[in-house]
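4 protein chains.
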Amino acid sequence: MQVIVDFCLVPMGVGVSVSRHVAACQTIIEEAGLVHRMHAYGTNIEGPWDEVFAVVKRCHEAVHAMGAPRINTTLKVGTRTDREQSMDDKVASVEDLLRH
Amino acid sequence: MQVIVDFCLVPMGVGVSVSRHVAACQTIIEEAGLVHRMHAYGTNIEGPWDEVFAVVKRCHEAVHAMGAPRINTTLKVGTRTDREQSMDDKVASVEDLLRH
Amino acid sequence: MQVIVDFCLVPMGVGVSVSRHVAACQTIIEEAGLVHRMHAYGTNIEGPWDEVFAVVKRCHEAVHAMGAPRINTTLKVGTRTDREQSMDDKVASVEDLLRH
Amino acid sequence: MQVIVDFCLVPMGVGVSVSRHVAACQTIIEEAGLVHRMHAYGTNIEGPWDEVFAVVKRCHEAVHAMGAPRINTTLKVGTRTDREQSMDDKVASVEDLLRH
Numbered sequence: 001m002q003v004i005v006d007f008c009l010v011p012m013g014v015g016v017s018v019s020r021h022v023a024a025c026q027t028i029i030e031e032a033g034l035v036h037r038m039h040a041y042g043t044n045i046e047g048p049w050d051e052v053f054a055v056v057k058r059c060h061e062a063v064h065a066m067g068a069p070r071i072n073t074t075l076k077v078g079t080r081t082d083r084e085q086s087m088d089d090k091v092a093s094v095e096d097l098l099r100h
Numbered sequence: 001m002q003v004i005v006d007f008c009l010v011p012m013g014v015g016v017s018v019s020r021h022v023a024a025c026q027t028i029i030e031e032a033g034l035v036h037r038m039h040a041y042g043t044n045i046e047g048p049w050d051e052v053f054a055v056v057k058r059c060h061e062a063v064h065a066m067g068a069p070r071i072n073t074t075l076k077v078g079t080r081t082d083r084e085q086s087m088d089d090k091v092a093s094v095e096d097l098l099r100h
Numbered sequence: 001m002q003v004i005v006d007f008c009l010v011p012m013g014v015g016v017s018v019s020r021h022v023a024a025c026q027t028i029i030e031e032a033g034l035v036h037r038m039h040a041y042g043t044n045i046e047g048p049w050d051e052v053f054a055v056v057k058r059c060h061e062a063v064h065a066m067g068a069p070r071i072n073t074t075l076k077v078g079t080r081t082d083r084e085q086s087m088d089d090k091v092a093s094v095e096d097l098l099r100h
Numbered sequence: 001m002q003v004i005v006d007f008c009l010v011p012m013g014v015g016v017s018v019s020r021h022v023a024a025c026q027t028i029i030e031e032a033g034l035v036h037r038m039h040a041y042g043t044n045i046e047g048p049w050d051e052v053f054a055v056v057k058r059c060h061e062a063v064h065a066m067g068a069p070r071i072n073t074t075l076k077v078g079t080r081t082d083r084e085q086s087m088d089d090k091v092a093s094v095e096d097l098l099r100h
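Chains as they are written, first to last, in the UniProt record's numbering: chain A, 1 to 100; chain B, 1 to 100; chain C, 1 to 100; chain D, 1 to 100.
Okay, chain A solo, but in the shape it has when bound:
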């Protein structure tokens, strides 16, 4: 089962700046070899279900290991069985409509 998630991890108890923790997660996602794209409020990740969720778990483990005592993550999780659809397809289908 392929999945597209939107992953937004917020460490708590580490002060106001969390970019160091987010950067560590980006590296973990990158090393997993999954298609991904960061935006201002999270990162879209696309891949097989088990691989994507293994990455999410590794991010929690890594951010705790960096000293964050508490983590609050938000995930959107999309699956479909009617057809294959990539992250790029989703954006493209809306942009197509906007052009016409």
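Please note: incorrect hints may appear among the correct ones.
Unchecked claim - Cut-off 16 Å, straight-line C-alpha distance, at most; resulting in silico cross-link-like pairs (EDC-like, lysine to aspartate or glutamate):
{"id": "1", "chain 1": "C", "residue 1": "K57", "chain 2": "D", "residue 2": "E51"}
{"id": "2", "chain 1": "D", "residue 1": "K57", "chain 2": "D", "residue 2": "E31"}
{"id": "3", "chain 1": "B", "residue 1": "K57", "chain 2": "B", "residue 2": "D89"}
{"id": "4", "chain 1": "B", "residue 1": "K57", "chain 2": "A", "residue 2": "D50"}
{"id": "5", "chain 1": "B", "residue 1": "K57", "chain 2": "A", "residue 2": "E51"}
{"id": "6", "chain 1": "C", "residue 1": "K57", "chain 2": "C", "residue 2": "E30"}
{"id": "7", "chain 1": "D", "residue 1": "K57", "chain 2": "C", "residue 2": "E51"}
{"id": "8", "chain 1": "D", "residue 1": "K57", "chain 2": "C", "residue 2": "D50"}
{"id": "9", "chain 1": "A", "residue 1": "K57", "chain 2": "B", "residue 2": "D50"}
{"id": "10", "chain 1": "C", "residue 1": "K57", "chain 2": "D", "residue 2": "D50"}
Since the hints were made in silico from the structure, they are not lab data.
Following the hints, complete the assembly by docking chains B, C and D onto the known chain A.
Positioned in the frame of chain A, the structure of chains B, C and D alone reads:
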């Protein structure tokens, strides 16, 4: 790693009523033996990381098997390393403050 | 337009415990006279759109005034035009199915 | 109060394809003159609190008017009082760390 999640699964392409699909997920969560509590916008689930996420995956598989071609799930995922905290603890700590 | 939201406010830069800030929000919601119910990962609130969102804004203002430099809120927002449905109706329709 | 939101509207009861509804929302956001950027799982929008939430409300009204009987939106809402930060700043601060 223990986790408390808030799990809200929305099947798409099945019409306006989704209570049948949500009920199927409740049964799956119940059968997994995890502590859980349903509210008007999802279900809190508490347990070991791998067990909780296995349940989320089973729910996606079951709802697709019921005929939903597309699923859009929202998950909040909380972990902490500073101390143990249950779902009930979280609510109780706020209610304590409100009483004083 | 009636709305049912699930509201989860997370203050950042205030340390690991946020129950004081959540309790302040509960008081604001209570004083607004809106139907609401807290769970382990947020609060369901039901009411007219403008009143509900005014409460969300007041909570952000109050939590900043308590000293939180940064807030990260997650909201689920449900509206429907086909029929009236309360928070209690949503839970009841699933529980009915589970009993049969 | 400036806000950065991540806005993801899901119409229900309209079948599996929702790109027509998402495109209508993009047009509403565009016409409001707010800074925004679409990704595969929503749209980041930046601006004054009241203007941003007025746009969210207009999107719900417009998508209902297009025939969707039910809407399920997810919003992330970020405010901060310690300093100004744009959507671009958020992404840039992580990318800076990744380059070094």
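Here's how the hints hold up against the structure:
no.: 1; hint: C/K57 / D/E51; in the structure: holds (12 Å)
no.: 2; hint: D/K57 / D/E31; in the structure: holds (14 Å)
no.: 3; hint: B/K57 / B/D89; in the structure: violated (27 Å)
no.: 4; hint: B/K57 / A/D50; in the structure: holds (9 Å)
no.: 5; hint: B/K57 / A/E51; in the structure: holds (12 Å)
no.: 6; hint: C/K57 / C/E30; in the structure: holds (14 Å)
no.: 7; hint: D/K57 / C/E51; in the structure: holds (12 Å)
no.: 8; hint: D/K57 / C/D50; in the structure: holds (9 Å)
no.: 9; hint: A/K57 / B/D50; in the structure: holds (9 Å)
no.: 10; hint: C/K57 / D/D50; in the structure: holds (9 Å)
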